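Residue numbers (my numbering), protein chains in the order written: chain G, 1 to 282; chain F, 283 to 587.
Heads up, a few of these hints could be off.
Unchecked claim - Examples of chain G residues lying across from chain F (beta carbon under 10 Å, computed):
{"no.": "1", "residue": "Ala48"}
{"no.": "2", "residue": "Val51"}
{"no.": "3", "residue": "Lys54"}
{"no.": "4", "residue": "Leu97"}
{"no.": "5", "residue": "Leu103"}
{"no.": "6", "residue": "Trp112"}
{"no.": "7", "residue": "Ala124"}
{"no.": "8", "residue": "Ile260"}
Unchecked claim - No farther apart than 20 Å at their CA atoms in a straight line, the calculated lysine to any residue pairs in the SDA-like style are these:
{"no.": "9", "chain 1": "G", "residue 1": "Lys242", "chain 2": "F", "residue 2": "Tyr317"}
{"no.": "10", "chain 1": "G", "residue 1": "Lys242", "chain 2": "G", "residue 2": "Pro34"}
{"no.": "11", "chain 1": "G", "residue 1": "Lys83", "chain 2": "F", "residue 2": "Gly517"}
Calculated from the structure, these hints are not laboratory results.
Being a predicted model, the structure only gives us computed values, none of them experimental.
Don't be surprised by glycine CBs; every beta carbon is placed ideally from N, CA and C.
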Amino acid sequence: MVSPWLVGFVVFLAGPMIASLYFSFTDYALLTPPVWTGLDNYIRMFTADPVFWKVLGNTTYYTVISVGVSTIVSIALAALLNKPLAGMRIYRTIVYLPALVPLVASAMLFAWVLAPDAGLINRALGVLGITGPDWLREEAWVIPALILLSLWGVGTGVVLLLASMRGVPKELLEAAVIDGANPRQRFFQIVLPMLSPVILFNVVMGLIGSFQVFGQVYILTGGGPNNASQMLVPYLFEEGFKNYRMGYASGLSWVLFAVIMICTAIAFRTSSRWVFYETEVR
Amino acid sequence: MSASVTGGPAVTGRRSERETVAVGTFRRRDAVWSYSVLTVVSAVLAAPFVFMVSIALSSDATVQKAAFTLFPKEFHFDNFVRVMTSDAQMATWILNSLIIVTFACLGQVFVSAMVAYAFARLRAPGKAILFTILLSTMMVPAEVTIIPQFVLFREFGWIDTLLPLIVPHLFGGAYNIFLMRQFITRIPRELDEAAQVDGLGHFGVFAQIVLPLMKPVLVAVGVFSFSWAWGWFFGPLIYLNTQSKYPLALGVQFLSGTSTNAQTPPYNLVMVGALFLTLPMVIVYFFSQRYIYQVNLGTGSAGIR
Numbered sequence: 001m002v003s004p005w006l007v008g009f010v011v012f013l014a015g016p017m018i019a020s021l022y023f024s025f026t027d028y029a030l031l032t033p034p035v036w037t038g039l040d041n042y043i044r045m046f047t048a049d050p051v052f053w054k055v056l057g058n059t060t061y062y063t064v065i066s067v068g069v070s071t072i073v074s075i076a077l078a079a080l081l082n083k084p085l086a087g088m089r090i091y092r093t094i095v096y097l098p099a100l101v102p103l104v105a106s107a108m109l110f111a112w113v114l115a116p117d118a119g120l121i122n123r124a125l126g127v128l129g130i131t132g133p134d135w136l137r138e139e140a141w142v143i144p145a146l147i148l149l150s151l152w153g154v155g156t157g158v159v160l161l162l163a164s165m166r167g168v169p170k171e172l173l174e175a176a177v178i179d180g181a182n183p184r185q186r187f188f189q190i191v192l193p194m195l196s197p198v199i200l201f202n203v204v205m206g207l208i209g210s211f212q213v214f215g216q217v218y219i220l221t222g223g224g225p226n227n228a229s230q231m232l233v234p235y236l237f238e239e240g241f242k243n244y245r246m247g248y249a250s251g252l253s254w255v256l257f258a259v260i261m262i263c264t265a266i267a268f269r270t271s272s273r274w275v276f277y278e279t280e281v282r
Numbered sequence: 283m284s285a286s287v288t289g290g291p292a293v294t295g296r297r298s299e300r301e302t303v304a305v306g307t308f309r310r311r312d313a314v315w316s317y318s319v320l321t322v323v324s325a326v327l328a329a330p331f332v333f334m335v336s337i338a339l340s341s342d343a344t345v346q347k348a349a350f351t352l353f354p355k356e357f358h359f360d361n362f363v364r365v366m367t368s369d370a371q372m373a374t375w376i377l378n379s380l381i382i383v384t385f386a387c388l389g390q391v392f393v394s395a396m397v398a399y400a401f402a403r404l405r406a407p408g409k410a411i412l413f414t415i416l417l418s419t420m421m422v423p424a425e426v427t428i429i430p431q432f433v434l435f436r437e438f439g440w441i442d443t444l445l446p447l448i449v450p451h452l453f454g455g456a457y458n459i460f461l462m463r464q465f466i467t468r469i470p471r472e473l474d475e476a477a478q479v480d481g482l483g484h485f486g487v488f489a490q491i492v493l494p495l496m497k498p499v500l501v502a503v504g505v506f507s508f509s510w511a512w513g514w515f516f517g518p519l520i521y522l523n524t525q526s527k528y529p530l531a532l533g534v535q536f537l538s539g540t541s542t543n544a545q546t547p548p549y550n551l552v553m554v555g556a557l558f559l560t561l562p563m564v565i566v567y568f569f570s571q572r573y574i575y576q577v578n579l580g581t582g583s584a585g586i587r
């Protein structure tokens, strides 16, 4: 009964992985067979391709800021939405709705949300007397603009956090009240530690997702201006499927894999210091 | 149910009058503060939605001048008809999306469930190693395999067909198998054993006993697969060339790149497409949220270790 997965694993994963590793050591233009070139692709990537370093920097910048900010925002929102006040269902729905919008749709929409004159954000800034930037065409603002788009979908993380906030035992909070803990202490010393496994889950999923950002960049900026928003997967797409440098693109995919592994490993390594498991024996 | 996290407690009995009053005013101030923050945040998050509807209802002239307003001023509902008839092939795109999504959901749900059952219940040599391999495959980003897969499907002659977008789903997905296995391990084994005593084989136990009990996780995996396949953009982009084979996500993106007799792309029609992309997600989510919530409580919020 495992066989369907096993077949899928061999044909669509293990086989392609080996092939991709092999391609990454070749010069492969799709129409002609791959030619073995050893480490050439990687050497070019790390020493002779200035775009690669920019791409790596951009991707890291985007990932760190968007995951960091959305972690903080989602915790704050979940805390607010967990309050026993009337009408919370409506607020919860509004916060979650943007997370349901498929990426192509939200990217299309944000082309106009971020537009220089007609755009929603710049008109709102105009009301406050601020002249907003041309978000998608200025090198300094294009990645912050993409981060704003990712923050619109912050609801995914909020939902998971809310679910586990309800799992925080009431007795613990009541005991803390009797001991004289104020709301802030109760939040930071009881609720937050109880949430930490979910926070780790959100951070890891966020890291993996953000490093693989593609649609937003492809649709909104095409990597521009001047490669200021070019990132790993869009660059891979351009090299592989537009310039037909399949070997180089395969190499890029392994770099992406390595970067994701390193970041996930760092998140897990440091997690023993900030993640608390209920069943843990210290 | 309403486990108060930040609100005051109900143990005011032994406290002095003045303290109770203080708690009362604190609560009111806290509530006012919470409501104002939430209202502002909700308004900010909802504004792009309203804007999407507003653009979708705009006339072509408004699109030309980019004179969109946050709240709709004109109501060109005929845009919703135009995308189906003359100005775009949205009906075809939606149909293509539905074909892909149906196979993706069925494949992911039933194949993953079967494999998950095998991992949870059957005894076979090497099972532990296979499960470790399964877990580690979850970490491999799709981009690592996309180029060889493209080469493979090109060999098969599947370029510009829907097959590359459907077939990989028919072998189950690692994350779904993992999620389902965790769910099955919480179903009491006695149920299987009783059924086996009654003469059911492994397949019978799976189909008649375990599968019906897996409803929440089946729905959850179905919804995840639906949203993934419905919105997927990269795959269709590399595999499809012919417009009439596009799924909706790619079609909408294609439409935004066209400018026929107008100078600017028909953004009103693009936003109609964006609405069509969004609507099924909202409907599916609202009908399935209680199941997803159950699954999240069981696995997601237990975190990962």
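So which of the earlier hints does this model not fit?
The structure breaks hints 1, 2, 3, 9, 11; every other hint is satisfied.
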